Amino acid sequence: EPEVTQTPSHQVTQMGQEVILRCVPISNHLYFYWYRQILGQKVEFLVSFYNNEISEKSEIFDDQFSVERPDGSNFTLKIRSTKLEDSAMYFCASSEGWQPQHFGDGTRLSIL
Amino acid sequence: GESVGLHLPTLSVQEGDNSIINCAYSNSASDYFIWYKQESGKGPQFIIDIRSNMDKRQGQRVTVLLNKTVKHLSLQIAATQPGDSAVYFCAEDYQGAQKLVFGQGTRLTINP
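Going line by line, the protein sequences match chains Y and X.
The first sequence begins at -2 in this note's numbering and counts up by one.
The second sequence begins at 743 in this note's numbering and counts up by one.
Rather than coming from a laboratory, the hints here were simulated on the basis of the structure.
Being a predicted model, the structure only gives us computed values, none of them experimental.
Please note: incorrect hints may appear among the correct ones.
Straight-line Cα separation of at most 25 Å, DSS-like style, residue types lysine-lysine; simulated pairs [said to hold, decoys possible]:
(1) Lys39/Y x Lys813/X
(2) Lys54/Y x Lys784/X
(3) Lys39/Y x Lys784/X
(4) Lys810/X x Lys39/Y
(5) Lys784/X x Lys75/Y
Covered by chain X, according to a simulated footprint, are these stretches of chain Y (three or more residues, beta-carbon under 8 Å) [unchecked claim]:
(6) 27 to 41
(7) 50 to 63
(8) 95 to 109
Where is the CB? At the ideal position from N, CA and C, for every residue including glycine.
Go ahead and model the full structure; you've got the sequences and the hints to work with.
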């Protein structure tokens, strides 16, 4: 069964450094998403992306965050200057149409 | 403010019994609902979804019930197996915005 893959599985970064999280969505999907889950908390929406542009973003997704689809297969989330509170699991998801969204297994981001 | 972890509701069932996991959703304008299963160290895994023009939908061993009057969603798992142990999240799509709003989750444990 096709799946969303995310790399790396764990990223450790110094505060203030830039980090790029990578995702390969399911190949025929057209809609892409990033969510995050702080330890012990709910999964929270960050951003949705369709047709090479952001379609929706949350209050969390401020100017420090950006997304890109650099080629036909990858979808990336960049955090420009990481803060301690950015430590979380980051999940990529994709969907063929409007729904359902299928999630990857996440990247655990640890900010030191 | 200080972030605190959520205390997850827990449901314990005997292996072979049926499980019912409940969820109250927040927005009467939501028109799409979805259940995910999250195992330790994994991303949310799609189980079943339902649109607001339905009140029941069945899958393999799972049934979702939607009561729009009281904004309540439930997931029924028939003949619960050890592999069903996980945290189960309901999520709603608010006005077709494609940004899923997740509930707090319920931890399902199976007693042998």
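Problem set entry | Within 8 Å of chain X (C-beta), three or more residues of the segment 50 to 63 of chain Y | holds (count 3)
Exercise. Taking a Cβ-Cβ distance under 8 Å as contact, does the segment 95 to 109 of chain Y have three or more residues in contact with chain X?
Worked result: holds (count 9)
Problem set entry | Proposed proximity, Lys39/Y with Lys810/X (alpha carbon, max 25 Å) | Roughly 23 Å separates the two Cα atoms, so the pair holds.
Exercise. Is it true that the CA of Lys39/Y sits at most 25 Å from the CA of Lys784/X?
Worked result: holds (14 Å)
For this session: For the pair supplied as a hint, Lys784/X and Lys75/Y, confirm whether the alpha-carbon distance does not exceed 25 Å.
Result: holds (22 Å)
Exercise. Lys54/Y and Lys784/X: Cα distance at most 25 Å?
Worked result: holds (24 Å)
Problem set entry | Given pair status - Lys813/X, Lys39/Y, alpha carbons within 25 Å | Holds, at roughly 19 Å.
Exercise. The segment 27 to 41 of chain Y covered by chain X? Criterion: 3 or more residues, Cβ-Cβ distance below 8 Å.
Worked result: As far as the segment 27 to 41 of chain Y goes, the hint holds, because 10 residues have Cβ atoms under 8 Å from chain X.
This entry satisfies every hint, going by the numbered hints stated previously.
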